[in-house]
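There are 2 protein chains.
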Amino acid sequence: MHLKQRLDRFCESAPKRLVQAVEYSLLSPGKRLRPVLCLMACETAQGDFQQAMGNACALEMIHCYSLIHDDLPAMDDDDLRRGRPTCHRQFDEATAILAGDALQPMAFESILEGALSPSAMVESCKTLAWAAGIQGMVGGQMDDLLEENRAQMHPSGLSGSQVDQESPENRLGSIHRRKTGAMIEASVLLGAIAAGATTECRSALGRYGRGIGIAFQIVDDLLDVESTCEKTGKATGKDAARGKLTFPGVYGIAQSRQMAKHWVAESLAALEPFGKRAEGLGQIAKYILERHS
Amino acid sequence: MHLKQRLDRFCESAPKRLVQAVEYSLLSPGKRLRPVLCLMACETAQGDFQQAMGNACALEMIHCYSLIHDDLPAMDDDDLRRGRPTCHRQFDEATAILAGDALQPMAFESILEGALSPSAMVESCKTLAWAAGIQGMVGGQMDDLLEENRAQMHPSGLSGSQVDQESPENRLGSIHRRKTGAMIEASVLLGAIAAGATTECRSALGRYGRGIGIAFQIVDDLLDVESTCEKTGKATGKDAARGKLTFPGVYGIAQSRQMAKHWVAESLAALEPFGKRAEGLGQIAKYILERHS
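Same order as they appear, the protein sequences are chains G and B. According to this note's numbering, the first sequence is numbered sequentially starting from 12. According to this note's numbering, the second sequence is numbered sequentially starting from 12.
There could be a bad hint or two in this list.
Stretches of chain B that chain G covers, calculated by requiring three or more beta carbons in the stretch to come under 8 Å of a beta carbon on chain G [to be verified]:
#1 52–63
#2 97–106
#3 114–127
#4 131–145
#5 290–302
Honestly, the hints are just simulated from the structure, not real lab data. Cβ coordinates follow ideal geometry from the N, Cα and C atoms, glycine included.
Build the full structure now, drawing on both the sequences and the hints.
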């Protein structure tokens, strides 16, 4: 993954404690779904996956920062992540906030120190900034928290909020298109950009990314209801306890499973034009449906 | 400043409460030192300041996010900023964390939606990412907190930390070169890059930036000792109470004032080759010495 080498280069003269916190979180045993999607999308689009390495590491850095901040006491207040204490439990809250803050510019550095042309770098950075930003991932996290705290929060903050004016189905869809979907779609697109893919090819890969993004979230919600802490490496059953809007909560378990299958089938359909070259991406789509953690 | 227009464009479909928190902080009455430095440096380097507008807004966005996060209860725990309640006091902690998180990618978007060539965008983003990152501003904030909490923190986190092995003078210099200095130097450089300035011209402007960066911090520390809350719009006298390493604390008030003067003189010397074109930057250097808030 080259994550460790990149980290070392970007952290040369940084405070040790902060580097330890970033390493602890970034190099923890995760699925690396986003970087893998990026590298496979690059190969599917007939690029050399080495070209996409800077982009792939950037995606994991943004994902990692979002986990560190989401786990904070003021946010989801989680003690466990990937089977280990969360960053603020292992270090302290200030260090965790700063570790997350440091990972954002590091992600952009990772793209900008990569092997792409300036215009491919610009496009990669734009795509990542949008997906990670206020209209993408961060916006989704805010909507998710607003759902949770609807009753407790100051009414003036909520009046006129989009999350209040729509049906639960629409609100749920909108939250997850932003919160998880945007970054998963961006993962595939950052691979396609690195490969110099045509607009047509990018749009097909984008459709694949949107499909698995929503399927991934549905399965995540199902795992929270059905799985155990040992399997997922994090606390389970917390979504319902918090009053989160979830797929099983809105649609029931059986229909949620059907929906996940539908979106995976939709993703696989998007891959058809690529034939055998898209085998890896196809396997990821199927894995998402069958994963247990 | 075009800040508001940019915000509106970047926040079109974002959650209202989050947009309110970002607007509250970003559009609050600040000095806009970093954007002004950027635009003036661009003109000094014979560029059109309009070209640098995307870069200028990016600098204010990064600066604003750093203030929001520094004010959090787990960090400096401040209730007042620019004479108004801090973001987490006006909204809540989760919203403040997310508002800060959203401003980082927005800053990169601001550069990338600007008027520069792809390679000037890449260089601007690299310079900003470095200055805002783990070896720059965030690293400086970590060192600053470590100084404050030396006694309380877990010893294993501190053993071998750079801040422990050096003299107070060196530690103080290192903290502020990162914490304030890096972003002030980057402000000038982002203007120079936008102007397409020569290496020689950039290096002179960089020297100017480093000088006013350190002078700015010395005066900030002096104001915390000597000024009142009404003048600065934030709580004063808190540095000493927290055990922060400050210039007046290490060097005394009289020598600190001398040092600020020295660094402003050093900055003005760096501007000499630019003659009359650098008048604006020269005035800022003098203003930094004389400011009262």
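Okay, the hints, checked on the actual structure:
Against chain G, the segment 52–63 of chain B contributes 0 residues with a C-beta closer than 8 Å to a partner C-beta. That does not satisfy the three-residue criterion, and the hint is violated. Note: the segment 97–106 of chain B has 5 residues with beta-carbon separation from chain G under 8 Å; the three-residue rule is met and the coverage holds. Only residues whose beta carbon comes within less than 8 Å of a beta carbon in chain G count, and the segment 114–127 of chain B has 7; three or more means the coverage holds. Counting residues of the segment 131–145 of chain B whose CB lies closer than 8 Å to any CB of chain G gives 10, so the stated coverage by that chain holds, three being the minimum.
Evaluation of the coverage hint for the segment 290–302 of chain B: breached, as 0 residues show C-beta separations to chain G shorter than 8 Å, against a requirement of three.
Going through the hint list in order, the structure does not satisfy hints 1 and 5.
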